[in-house]
Amino acid sequence: MDQNAKKIIIGDNLASHISPCIIQECKKYNIAFVLLPPNSTGYTQPLDVAFFRPLKAKWRQTLDEWKTKNRGTIPKDTFPRLLKKCLNNMPLENISKNIVSGFRGAGIYPPDRQQVLKRIQSRNAEEVNGAAWVATFVEYLEESRRKETDPLKRPKKNKLNVPPGRGVTEDDVDADFQ
1 MDQNAKKIII GDNLASHISP CIIQECKKYN IAFVLLPPNS TGYTQPLDVA
51 FFRPLKAKWR QTLDEWKTKN RGTIPKDTFP RLLKKCLNNM PLENISKNIV
101 SGFRGAGIYP PDRQQVLKRI QSRNAEEVNG AAWVATFVEY LEESRRKETD
151 PLKRPKKNKL NVPPGRGVTE DDVDADFQ
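With full-length UniProt numbering as the guide, the letters of the sequence shown map in order to residues 1 to 178.
Be aware that a few hints might be false.
[Claimed, not checked] The calculated lysine to any residue pairs, modelled on SDA-like cross-linking and capped at a C-alpha distance of 25 Å, are: (1) K97 with T78; (2) K27 with D48; (3) K118 with G105; (4) K97 with R60; (5) K58 with I22; (6) K67 with T78; (7) K118 with N13; (8) K28 with H17; (9) K7 with I22; (10) K6 with P20; (11) K97 with K76; (12) K118 with T41; (13) K56 with E93; (14) K58 with K69; (15) K56 with L141; (16) K27 with L14; (17) K56 with G105; (18) K67 with F79; (19) K67 with L141; (20) K118 with S101; (21) K27 with I8; (22) K85 with L55; (23) K58 with T78; (24) K7 with P111; (25) K118 with L55; (26) K97 with L47; (27) K7 with I99; (28) K28 with L47; (29) K28 with I8; (30) K58 with E142; (31) K56 with Q45; (32) K6 with G105; (33) K58 with K27; (34) K56 with L83; (35) K27 with D2.
[Claimed, not checked] Cβ-Cβ distance ranges computed for the label pairs, FRET-style: (36) Q24 with K118: 18 to 28 Å; (37) P38 with Q114: 18 to 28 Å; (38) I31 with A57: 33 to 43 Å; (39) R104 with A57: 14 to 24 Å; (40) P111 with S16: 18 to 28 Å.
By construction, these hints were calculated from the structure, which means they are not laboratory data.
The structure presented is a predicted model; accordingly, all values stated were derived computationally and were not measured.
Yeah, the Cβ is synthetic: ideal placement off N, Cα and C, and Gly gets one too.
Modelling step: build the complete structure from the supplied sequences, incorporating the hints.
Written out as C-alpha cells, the structure is:
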C-alpha cells in the first residue's frame, strides 16, 4: 500500500472521538476523518449490520430456550456455556460472508450512499407497521413479569405520619397503623 495514498477513517459522530489533536494527526498522514450521519450507526456500521444483529438473534433464541426450563437470572457459571451454544449455532462460513456483505450493505465498500438511504426508509416503514403489535407485546411482557414477581411482593408497611423533630408517641403509632 502506498504510504502517501489517501486513507479514510470512518467515525460515528461521537464527540469524544473527535479532537483537534486527532484531526491534525489525520491530516499529517493524509487521512480523511469522515463522520457518519447522526443516529445512523445502526445502519452504517458493518459489524452491527452483518454480525451483531444475527448474533443478537441467536442469543435471544438461546436465552428463550434457557428461560423455558429455568427461572430467575442466569448463574455466572452457566453464562459461558450459553454463549458457546449461541456461537456454535452461527455457521462459521456464513459469518465471514456476512461481514463482507455488511460493508456492502452499510454502503462503505464499495461506497454507496443509497444503501444507507434504503435502510433508513425501510426502518421508518417498520416502525409504522410495528406500532400495530406493540401493545400486545407489552401486555405479554407485563404478564410474564407479573408471574415472576407476584410471589415476591411483600405487604407494604404503614408510614408514620410524624413531623421531623417531634417525638413519636403511642397515639401516633395507633393512629397510623389502624
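Hints, one by one, checked against the model:
no.	hint	result
1	K97 with T78	30 Å, violated
2	K27 with D48	28 Å, violated
3	K118 with G105	10 Å, holds
4	K97 with R60	22 Å, holds
5	K58 with I22	37 Å, violated
6	K67 with T78	12 Å, holds
7	K118 with N13	20 Å, holds
8	K28 with H17	18 Å, holds
9	K7 with I22	14 Å, holds
10	K6 with P20	19 Å, holds
11	K97 with K76	32 Å, violated
12	K118 with T41	14 Å, holds
13	K56 with E93	18 Å, holds
14	K58 with K69	17 Å, holds
15	K56 with L141	19 Å, holds
16	K27 with L14	19 Å, holds
17	K56 with G105	18 Å, holds
18	K67 with F79	13 Å, holds
19	K67 with L141	13 Å, holds
20	K118 with S101	15 Å, holds
21	K27 with I8	11 Å, holds
22	K85 with L55	11 Å, holds
23	K58 with T78	17 Å, holds
24	K7 with P111	14 Å, holds
25	K118 with L55	23 Å, holds
26	K97 with L47	12 Å, holds
27	K7 with I99	21 Å, holds
28	K28 with L47	29 Å, violated
29	K28 with I8	13 Å, holds
30	K58 with E142	23 Å, holds
31	K56 with Q45	15 Å, holds
32	K6 with G105	23 Å, holds
33	K58 with K27	42 Å, violated
34	K56 with L83	11 Å, holds
35	K27 with D2	16 Å, holds
36	Q24 with K118: 18 to 28 Å	36 Å, violated
37	P38 with Q114: 18 to 28 Å	19 Å, holds
38	I31 with A57: 33 to 43 Å	35 Å, holds
39	R104 with A57: 14 to 24 Å	20 Å, holds
40	P111 with S16: 18 to 28 Å	26 Å, holds
Checked against the numbered hints listed earlier, the structure breaks hints 1, 2, 5, 11, 28, 33, 36; every other hint is satisfied.
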